[in-house]
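Chain B: place on chain A using the hints.
The primary structure of each chain is shown beneath.
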Amino acid sequence: MRQTEISIAGCRTLLRRGGTGAPLLWLHAEHGGGWPPALRRLAQHFDVIAPDLPGFGGSATPEWLDTIHDLAFFTLELLEALNLHAVRLVGASLGGWVATEAAVRDRSRLSHLALLNPMGLHVKGLAAQDPFLATPEETMAANFHNAAQPMDAVELDLQLKHRHAFARMAWAPRLHDPHLEKWLHRLRLPTLILSGAEDRVVPPANGARYAAAIPGARQVVLPGCAHLAEMDAPEAVCAALEPFLEPDPRRPDRRSGEPVSPTEETRP
Amino acid sequence: MRFFFFHLMPYAALDPDYDQTHKSAWVTLPNSYYDPAIGADLYNRYLDELEYAAELGFEGIGVNEHHQNAYGLMPCPNVFAGMLARRIPATTKIAILGRALPVLSNPLSVAEEFAVLDNVTRGRIITGFVRGIGAEYHSLAVNPTESHARFHEAHDLITQAWTRDGPFAFEGKYYHFPYVNLWPRVYQQPHPPIWIPSQGSSETIAFAAHPSRRYVYLQTATPAVMLFRYMQAYRDEALRMGYQASPDQLGWSVKIHVAETDEIARREAKPHVEAFANKFLRMPPEMLLPPGYTSIESMKRIQEAKKTITGSARTMEQMIEQGTFICGSPQTVIDQLADYQRKGGFNIVMAGLHYGTLPAELTRKNIEMFAREVMPALANASPGTAAAAAAAE
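So the protein lines, in turn, are chains A and B.
For the record, in the first sequence the residue sitting at position 191 is 191 according to my numbering, with numbers rising by one throughout.
Throughout, my numbering is defined as the position within the second sequence, counted from one, plus 1000.
Bound conformation, chain B alone:
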């Protein structure tokens, strides 16, 4: 099993009573809730945590992109990757998961930024391509009905900019460039790895699994039972397209808390992981699912099910039960991860060891215990053959 440490950088000092007057921590939550003096401390603390994880031997550290919200304070992930690039061990990778291509005005500048980071780190970056979440189509005023088309076109533009000799013309519907001619060229050949984080959709899985791409598919924020199905869908799609997917093409992004005992872990984690679920992630459906963000068929299924990830308040116990949170003693966490790996067939774990309002000392302890007691025990763990059966359950 391969381990990355992932940070969301929430505004942990958010007044938890904001939801008495505001619907969400996204889009329209007044930024008067943000105190720059506190924010400056949080940013520096969070960067310290990422650097500390790199020192403790994670394969890589992960940053991501969110806009105009208290949930994640990284609107510009490449800036964060740049701040980290020369302060971490020369063996640690930086996973930028990802850039939200459709909501950015110029994907060619994304290709440039990634290429610069790829050169400076001598090929230690992993790039991520995402569509952004629904709220970001409100925040950045980009038409959600163009989301899929823009994503695919921006993807083609960036990968061609990395792999084709310039100058050449890129002639798309949304992006039209007479001269694509990247300086610098990318360091990794043929191009930096591309990972596709997703909450799960058959279109995205088919896109990532295609034999011409074979991108790592990273499942985010999903109950375990759905995780197993999505992982199997990727393997099935690969087989359908004539090849066998490797476990290294599959990853899971999950929040984890480790402490001395199960009881201590649950006590430490409870208020902070519930703040994550019920305060930072809180979003009405109009914000989460703007028209066109998913197909009308998917939208209909969601509306009829009347449940979204932002539905009613969730408890830590429910999250553990569902498998969206792993919490316990080192042995509990080891057993859980090994079990999920057997059933999911993935080899990459993107560990969210900070979440919600988890304070600095507990975050540090969580990172240390995970790196020292969980990671070594699972270093040689690999998925067996049980995955297909688990997905079918």
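One chain only, chain A, in its complex shape:
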């Protein structure tokens, strides 16, 4: 894995990149990025590119970072700056929301979309943990079902930086964009939703809503897996991602979901 810095829309951005194969852009969750075991494994099959999103980790917090839409446009700018094509876009939680917001705007450089416990949609009446009122202990319990202490102790500075950026994006409307769902039909690309059965921050019913709104999308519920799926159950997550994301671009078999023609999902 190589670590570099790149300027995107004036924002100093930390980029981790490793492996060979089709490009896979990984957008991390609200707890920050890194190069966890799941990415190490994916790098055996893909050219994995993992930026620290603006406001997180080693990237700057730019003046323009106001809403989730700014991170969506950042993502599109990054794809252009790296001149990537046929990108497997994968996002976890907050990163899944960012990936979706980017993809509904412009999917021309994307080949597949995979979302892990994605935030971004709201299901009325669905009971879920409020990550902004949860105690650190409650947050750990919601994020991890299997791993007791799987994250390296993130230093306090970074925790506070991440929490600030997360709140800026997701405080109100809480964890969602009310204008996202009506454009999900634009996601005319193979899409997989992974939901942790034990996720209490973004319960599986939320992922089901995504799957129902995206043409041809499929939801896979991972048993015994909590909110931070890629940390909590990295093997199960990778096992589900790898065949879907088609590591070898020459292989013609598409995903298990049925292909859709552009006309049939054009909505009024």
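Among the hints, a few may not be true.
Using 35 Å as the maximum straight-line C-alpha spacing, the simulated DSBU-like pairs for lysine-lysine come out as follows [what the hints assert, rightly or not]:
hint, chain 1, residue 1, chain 2, residue 2
1, B, LYS1300, B, LYS1093
2, A, LYS161, A, LYS124
3, B, LYS1300, A, LYS161
4, B, LYS1270, A, LYS161
5, B, LYS1270, B, LYS1365
6, B, LYS1300, B, LYS1270
7, A, LYS182, A, LYS161
8, A, LYS124, B, LYS1365
9, B, LYS1093, A, LYS161
10, B, LYS1365, B, LYS1173
11, A, LYS182, A, LYS124
12, B, LYS1300, B, LYS1173
13, A, LYS182, B, LYS1173
14, B, LYS1023, B, LYS1300
15, B, LYS1023, A, LYS124
FYI, nobody ran anything at the bench for these hints, they're computed from the structure.
Same frame as chain A, but now just chain B:
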């Protein structure tokens, strides 16, 4: 020394055992704990207490704003100011401390309400601008990372609405109005006094002390040693900006209990002031300090210190020792206030003579004894020159 009587209007009938099942008296405490029949009595009693203080000769009476909690039942302080406006002596001021600008959806309506009160009272209102406390960003679903920016923009909008001829356009990031054109205009010129209550931050002090504003800075809920430092920070900032701050630009909001003797005062106050500190103010850090409410640097200092105003249970004796509560005979209270004034250099005291669960008869007695025995003795008291030395200790 100038005296105001300040009320928080807590739901004093709160079941004290609520904390066996709930984390806080804020945000998520079920409102089934509120009994409207009891609440109606409390509201009327509290309004009587404010009116009584006005009769007894306080310079003014103070109301404030809190949302969705048992700690303070005034979500709409201008409604309370309106209820009091025509029932108190025509010489008494009403301090509305304050409106929590960032958590309100439309600051122009705040400018309007204040302007109406300013007209009706013929210029006897003092306005307060605050950011609200952290819990209110949960309760009103306003993004705390926008708190500072919204506060400054709302402040600019309101002061311009009061001072500029309308109609004009206000073109902000959060508040954008093609037509600002206040009817009524404000009565006081150039505008009603603005006070800035704060738990203490260098940004807020610099904002209030700026020569273009010179707003009264009102320190709330702070140990005496910190009070002295914040007061000095204001004076230092004023000097840095080229002027000498007046003691009338500095105030202290503090809970006070007076009784016949020190022993009686402590006995009367203890359960009620401890209820205030340990029941009504109880709040976990996630509620008190949402992200962005303070700078990351301040947040880090607080987390590392692992202590907040809502930390472990506090006793009355600790509060007296720290100076967050003044309690005793009239002479004790006089001596304490004079000492704090000498060291703090302030001239305004916002006296919290009701707190927590203090019952009606004790509240009335506290207000009477304070007005009759403490206030006259300190009427001509003014800070000396000891303040800078005290702040440096």
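Against the structure, the hints come out as follows:
At most 35 Å may separate the alpha-carbon atoms for a hinted pair to count; LYS1300/B and LYS1093/B exceed this at roughly 40 Å. A distance of roughly 30 Å separates the Cα atoms of LYS161/A and LYS124/A; the hinted pair therefore holds under the 35 Å criterion. Of the pairs offered as hints, the one joining LYS1300/B and LYS161/A holds, with about 10 Å between alpha carbons and a cut-off of 35 Å not exceeded. The suggested pairing of LYS1270/B with LYS161/A is violated, with an alpha-carbon distance near 41 Å, which exceeds 35 Å.
Restraint check for LYS1270/B and LYS1365/B: the C-alpha separation of about 16 Å stays at or below 35 Å, so the hint holds. The suggested pairing of LYS1300/B with LYS1270/B holds, with an alpha-carbon distance near 33 Å, which does not exceed 35 Å. Taking the CA atoms of LYS182/A and LYS161/A, the gap is about 32 Å. The hint holds against a cut of 35 Å. Between LYS124/A and LYS1365/B, the direct Cα distance comes to roughly 52 Å. Violation of the 35 Å bound is thereby established for this hinted pair.
About 44 Å separates the Cα atoms of LYS1093/B and LYS161/A, which puts this hinted pair outside 35 Å; it is violated. A threshold of 35 Å between alpha carbons decides the hint, and for LYS1365/B with LYS1173/B the separation of about 50 Å lies outside it, so the pair is violated. Distance check on the hinted pair: LYS182/A and LYS124/A sit about 15 Å apart at the alpha-carbon level, within 35 Å; holds. Of the supplied pair hints, the one linking LYS1300/B and LYS1173/B holds, its CA atoms being roughly 28 Å apart against a limit of 35 Å.
Restraint check for LYS182/A and LYS1173/B: satisfied, since their Cα atoms lie roughly 27 Å apart, inside the 35 Å limit. At most 35 Å may separate the alpha-carbon atoms for a hinted pair to count; LYS1023/B and LYS1300/B meet this at roughly 23 Å. Of the pairs offered as hints, the one joining LYS1023/B and LYS124/A holds, with about 25 Å between alpha carbons and a cut-off of 35 Å not exceeded.
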